[in-house]
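Student: The lines below spell out each chain.
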Amino acid sequence: MTAEQRAKSLSVHLVLIAYSVLAVGPILLVVMNSFKVRSAIFGSPLALPDATTFSLVGYEKVFRSSHILTYYSNSLIVTLVSMALVLLFGAMAAWALTEYRFRGSTALALFLSIGIMVPIRLGSVAILNMMRSAGLNDTLTALVLVYVAQGLPMSIFILSEFIQQIPKDLRDAARCDGVPETRIFFEVVAPLLRPAIATVAVFTIVPIWNDLWFPLILTSSDSTHTVTLGVQQFLGQYITDWNSVLAALSMAILPVVLIYVILSRQLIAGLTSGAVK
Amino acid sequence: MANLRIEHLNKRYGATTVLNDVNLDIEDGEFVVLVGPSGCGKSTLLRMIAGLDGASGGDIQIAGKLVNTLAPAERGIAMVFQSYALYPHMNVRKNMTFGLKFTGVPPAERDRRVAEAARMLRLDELLERYPRDLSGGQRQRVAIGRAIVREPAVFLFDEPLSNLDAALRVSTRVEIANLHRMLKSTIVYVTHDQVEAMTLADRIVVMNKGCIEQVGRPLDLYYAPANLFVAGFIGSPAMNFFEAKVGSVEGGCARISGPGFRSFDLPATSLKVGDSLTVGVRPEHLGRGEDGPFAVEGVVELVERLGEASFAYVRRADDRLFVAEVRGRQTPTPGERATLIAAARDVHVFDAAGLRVTTQNDA
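Chains A and B supply the protein sequences, listed in that same order. This note's numbering applies: residue 83 is where the first sequence begins, and numbers increase by one. This note's numbering applies: residue 6 is where the second sequence begins, and numbers increase by one.
Because the hints were derived from the structure by calculation, they are not lab data. One or more hints might be untrue.
Covered stretches of chain A, going by a simulated chain B footprint (3 or more residues, C-beta under 8 angstroms) [said to hold, decoys possible]:
(1) 247 to 255
(2) 264 to 276
A short, non-exhaustive set of chain B residues, derived as facing chain A with CB atoms under 8 angstroms [to be verified]:
(3) Pro77
(4) Gly81
(5) Ala83
(6) Met84
(7) Phe86
(8) Ala90
(9) His94
(10) Gly104
Simulated crosslink set (SDA-like; lysine to any residue; CA at most 25 angstroms straight-line) [to be verified]:
(11) Lys250(A) x Gln348(A)
(12) Lys99(B) x Gly186(A)
(13) Lys189(B) x Asp225(B)
(14) Lys250(A) x Gly44(B)
(15) Lys99(B) x Thr177(B)
(16) Lys250(A) x Arg174(B)
(17) Lys250(A) x Lys189(B)
(18) Lys106(B) x Gln348(A)
(19) Lys99(B) x Glu269(A)
We put the beta carbon where it would ideally sit given N, CA and C, even for glycine.
Construct all of the structure, not just a fragment, from the sequences and the given hints.
Tutor: Below, the structure written as structure tokens:
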């Protein structure tokens with residue numbers, strides 16, 4: 083490596099490190115302060131917890147006073163069910179749109195791509211009305227339906243790209259072998275889509291888990307709140323229980339980080355495949 | 006085991022005609038090679054026999070049964086693809102048995118067939134391996150094995166050797182020929198390589214622009230091409246063509262003359278004075294000599310030495326190049342004047358429409 087190259091790679095790394103600090107900093111701050119007593123949170127917010135300031139009071143309060151476990155399981159149910167449906171329907175729709183030519187297939191593909199461009203929040207009022215008249219108000223089903231609609235267009239778009247990379251001969255070979263179309267999809271195409279599915283899974287999960295808007299307008303009782311909404315109860319108009327807020331937020335971050343770590347290897351394969359060949 | 010009959014088969018994509026009224030009868034157990042330049046419709050024809058592409062018109066019968074509307078799996082065919090098309094996430098054994106699950110073959114029978122195919126193709130050691138761990142030749146054998154275990158009536162091969170390197174291509178070619186001898190099954194084989202076509206086929210089907218140009222045994226195509234296209238396509242280097250005219254007709258003999266070669270008499274009754282002709286002679290049929298039934302002169306311009314023979318590029322008096330294959334140790338030298346002669350039976354004559362003119366020399 084010449085000096086010039088070294089300088090170049092150093093400058094690139096400096097930029098990347100700066101960006102990482104910017105992105106990770108606030109999260110670290112939240113997690114760090116969730117382990118401190120209230121006076122230390124305000125007295126020295128940037129300090130690490132030490133023997134005098136360390137405290138689990140936030141976590142104790144969260145577990146004692148609220149429905150945090152219900153919120154947690156609601157979030158998990160909504161996220162996982164939505165993800166499963168988005169992946170299943172997304173892969174099936176992507177397969178149908180790329181593999182079969184039928185009347186209106188182009189129009190349908192176009193319609194679905196509009197879903198990528200138009201944010202689903204624009205339809206909040208209409209969604210609320212629909213859910214109310216369908217009797218789904220204040221249910222987890224309502225959230226799942228909305229999130230599936232939100233996640234499908236992007237997942238179809240990504241998976242279509244990947245399905246097109248699967249050699250046509252493979253499907254033809256399976257057809258010559260007498261494999262039924264549904265089994266071709268589930269046993270030949272789907273296994274080859276694994277990296278793509280991991281990518282779509284992460285892209286689907288993160289916004290759903292973090293979403294505040296739809297739980298806010300579609301759920302009203304404690305039994306249907308999700309974690310992000312549940313945290314709000316510690317934020318009062320006059321008093322905010324920062325210990326509990328930070329503890330609950332730290333816990334809310336955990337599952338997404340875990341899933342990301344589990345899927346990251348597949349995810350990287352998915353993001354870079356096709357880029358380098 | 007079955008015969009295959011194709012009648013008035015057409016394929017059109019919008020305004021483009023890919024196949025135009027193809028008729029072909031293939032006998033039970035016959036090895037037929039479809040050959041032609043790229044875009045001639047040979048692969049499309051194969052895919053239509055397989056049922057992967059639909060026909061715009063015409064009939065396909067396999068074993069006497071009309072299969073036009075049947076799905077690929079119901080036609081009793083098995084196809085070997087150019088890209089092998091092995092399922093990447095299944096090991097060799099699973100690759101071979103995967104299709105059998107859906108066609109109602111009991112597990113014990115599946116195992117028996119895989120064992121037999123593995124023995125025949127020397128795949129025993131590889132059964133638990135995945136396609137990514139196999140070499141090109143091994144993958145090709147697995148693809149053939151996957152076709153064999155289906156016990157099809159007709160095997161379809163779509164350019165199976167074109168992804169292999171030259172040495173492997175030769176050995177796999179021999180294996181396929183052996184396989185056909187053992188299985189005695191009907192095979193339709195698509196290739197653009199005329200060496201494969203000549204060596205493997207019982208009969209060759211030469212295709213061009215969606216039409217069949219000629220069907221025949223390899224040596225018939227070589228010695229008696231039915232038209233200019235087949236004459237130019239079969240043989241390497243390609244046949245030399247000379248423009249010619251009929252000068253006079255006398256007693257069943259036509260006097261043929263043209264720029265660049267010595268006039269000669271052709272015992273053909275169908276020709277009239279003034280007819281435009283094309284005379285064709287293969288490079289390997291031209292030899293050095295003084296005078297012969299067909300003789301052409303020129304100046305050697307370039308010599309390609311292959312070892313067993315040399316190709317001499319010779320410039321004729323009318324400034325056109327032709328090629329002669331010269332055998333023996335004495336290679337021609339550039340700049341040398343040479344007279345090249347050919348026997349009467351090696352001279353092919355085609356009329357203005359490009360069709361072969363039958364002569365008494367053919368008999």
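Student: Against which earlier hints does the structure fall short, listed by number upward?
Tutor: 4, 12, 17 and 18
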